[in-house]
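**Q** Residue numbers (numbering that gives the first Met the number 0), protein chains in the order written: chain A, 0 to 340; chain B, 0 to 448.
Source of the hints: derived by calculation from the structure; they are not laboratory data. Heads up, the beta-carbon is just placed ideally off N, CA and C, and yes, glycines get one too. Heads up, a few of these hints could be off.
Here are some of the chain B residues that sit facing chain A, going by a computed Cβ distance under 10 Å [claimed, not checked]:
1) 218
2) 375
3) 378
Per label pair, the in silico range of CB-to-CB distance [as the list claims (entries may be wrong)]:
4) A:322 - B:249: 21 to 31 Å
5) A:104 - B:236: 26 to 36 Å
6) B:101 - A:61: 29 to 39 Å
List time: in silico SDA-like cross-link candidates among lysine to any residue, alpha-carbon distance up to 25 Å [stated by the list, open to error]:
7) B:104 - A:300
8) A:53 - B:389
9) B:260 - B:246
10) B:161 - B:147
11) B:260 - A:300
12) B:260 - B:397
13) B:161 - A:64
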Amino acid sequence: MKHKTFFWFVFPSVLLMILFIALPLVSVVTQSLYSKHEQVIVEVENCGPFGCTKATTVDQEATAALEEAEPLGKWAGLDIYKDRNHLAISEVGQAWINADGLPDFGRTLMNLPFYKALGFTITYTAIVTPLTIILGFFIAIAVNSVARAMRGPTIFFSLLPMIVTPLVGSLIIFWMVDARGILGTGLQWLASDPSLSVKASTPLMWAMLMFYGVWHSAPFAFIVYYAGLQTVNQDTLEAAMIDGASRWERIRYVVVPHLAPLTTFIALIQLMDNFRVFEPIISFSAAAHATSLSYAIFNDLGGETRLLSSAAATSVLTIIFVAMLLSPVLVRTWRDFGTQK
Amino acid sequence: MQNGRDSVVAEIHAAKIVATRVLHRNLEIQLGEYKHMTLMKKLTLGTVIAALGTTAAMADGHGGCTEGRLNIVGNEFPAIQTVAAAAVACAGDDAEANLTADHQKINVAGMTGNPAEYTTAIVANSSIVALINEDVIQPLDDLVAAHGQDIPKQQLITVDGKIMAVAFMANAQHLVYRADVLEQIGADVPTSYEDVLAAAEKIRAEGIMEHPVGGAYAAGWNLAQEFTNMYIGTGGQFFEPGSAQVSINNAQGVEALEMMKALSAYMNPDYLTHDSNATSAEWEAGNVALMNMWGSRTGVLMDDEGSAPEVYENTKVGGPLMVGDSGTPATTLWWDGWTVAKNVSDEDAAATFTAMAAGVSPDILNDETMSQAVWLMEGFEPAPVNEGVLAAVAAGSTPYPMVPYQGLLHTALGDNIADFLQGSESAEQTLADIEAAYTAAAKENGFLQ
């Protein structure tokens, strides 16, 4: 392809990527390096239907002049990254010095909002990703051995958790595990403990969020594996059967190696998705027990006073963590790609 | 929404009201969009829209009380629906209203541009602060002088002598109780949280209910609101006078947290996930006998929908609850009111003002709307359901603090109190965490150095 033709061929995608991926990223990074100007606070008297009270307000004229001079805000450098609501450098340092052993240090660390969110996010990603892949694989194997006439409906039902909107799906589970819901009551009966409540216990809440995560994303792994299963070489399978390989051995030595590249792909997508876990925390009202990095960003933006720089700093940190998490998989893919040539 | 941001109940009510208006609203919306179209689109679609316009004009007629643009953003519950509907009816075909529980996530952004997308925001005493901080609403003194002579002075919200909003309703949290259950245990109507604890213990001991106390204790905004009430009730001050320096790590702070924990022992174990809606549902299911609830939400509890007769017939409202011996009720007073955007033309500002003034005129009060809120307009006749809010006002309760950094503290409270209630750390540690989280946020926002 000529250079010119190639340029015009990729130009629309490059333009869109710059507009919708690169520029927002630049904007987020910039935002995270600035904080708001010093606000000039004046004491005033506020009156309303309930009488008058002394209060304070922002002196708009004084603040406007500052904003005019530097519209981006005050240069903060890495201050926001280092403050207590993010990496909490000095608090962590203090905790390390004062800690009475590692468990005590861990407790102090988990009391800091960023590390608390990171702790859940990493646990969630580490548990949900492999379970999703394993469950998706077994569903694919099972569906693949269903009689051909039944496959269409089976596939449709297996995909349902992914088709259902995340918020709706998690709300349905949320109501079912309520202490008065069908699953919640069932659990109480199973454990013979009438005061058992999933929503009141942190470990059970984590388990429920992870259960939801696997339930929701297993269909994705399933459909990718199912597509892969259609390309397994039948001759190799037959040869294995003639050699006396059992069903399990055929899966282990023929099917699994064949599907390995797909596993890399699913792991890549799932790691990214799971690290951004968000909807279930909202719809399970789980914020008292579990927060994630995405939830922290949402929380910064959802208050009556928006914390734009704080949200931007958390976003940048999330991007960095996702990049770190993906690097082994990306390096592997790159190497595979190199050897194939 | 000040009384819980989630509003399934409110949405259902809203849907009923909206449904009746849907037909001609559709036409209004199409016309509204037409106004924002580019010239090119106007030229190409001109004929189609012109045809639509004629139909709409015939269907709706022009409200005709004002010339100019009206676009409302606000929370969604029945009283606000009523106000918005009346204002839109006055402003006529082009007027729009975007009422949503997420209003405060969009109102600043929607009023920052020039011209502002929203010409008015319906806010409460907490959410107006963000609009003042960002300087997106204008003082209304001139507009009141020109078009609002008949608005009673008590409805005007002034900040530093300048009128910034016009209030139309009052709200507060207060006791809601089951008369039959209290009679069964032979207890008087509680006036303090200490009474509530004593009554709850009796109800549980007599085996009437396992979790007799209710409360919107969902982690986040609701939980922070309950602490705000309780802390005010103990006589605590949130900030050092005249500064943004927080000071809640004190005896009053501990007392407020301890009381919340004592109450939570009598609540459904899931209380940290219960917002106002879930708490109301527990009430309607007959599982709760005593709770602190929003005045604007008690109407739903006392009507005959959603609960058994023994529940709704015995649902009564009491006054605000006290805690300790400070003499200040453990509740906050709220108003809901409307503002006018700064970045709009004088003509649009005047039109918005006139339409909104019509939206909150005494004319909107009728049999259906009268009990939706404690209206501040003349001609409001309180129903039994409104007694709690009126009692809170009469008891000299404190208005929710209208200071620029209260919102940041509210967020920090909502994020940290659950740790104490779950027993994972001491009250002092929780209060220290709250102060530290607030201080970091306040520094970032320029309130502290």
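**Q** Return the numbers of the hints above that this structure violates; sort them in rising order.
**A** 3, 4, 11
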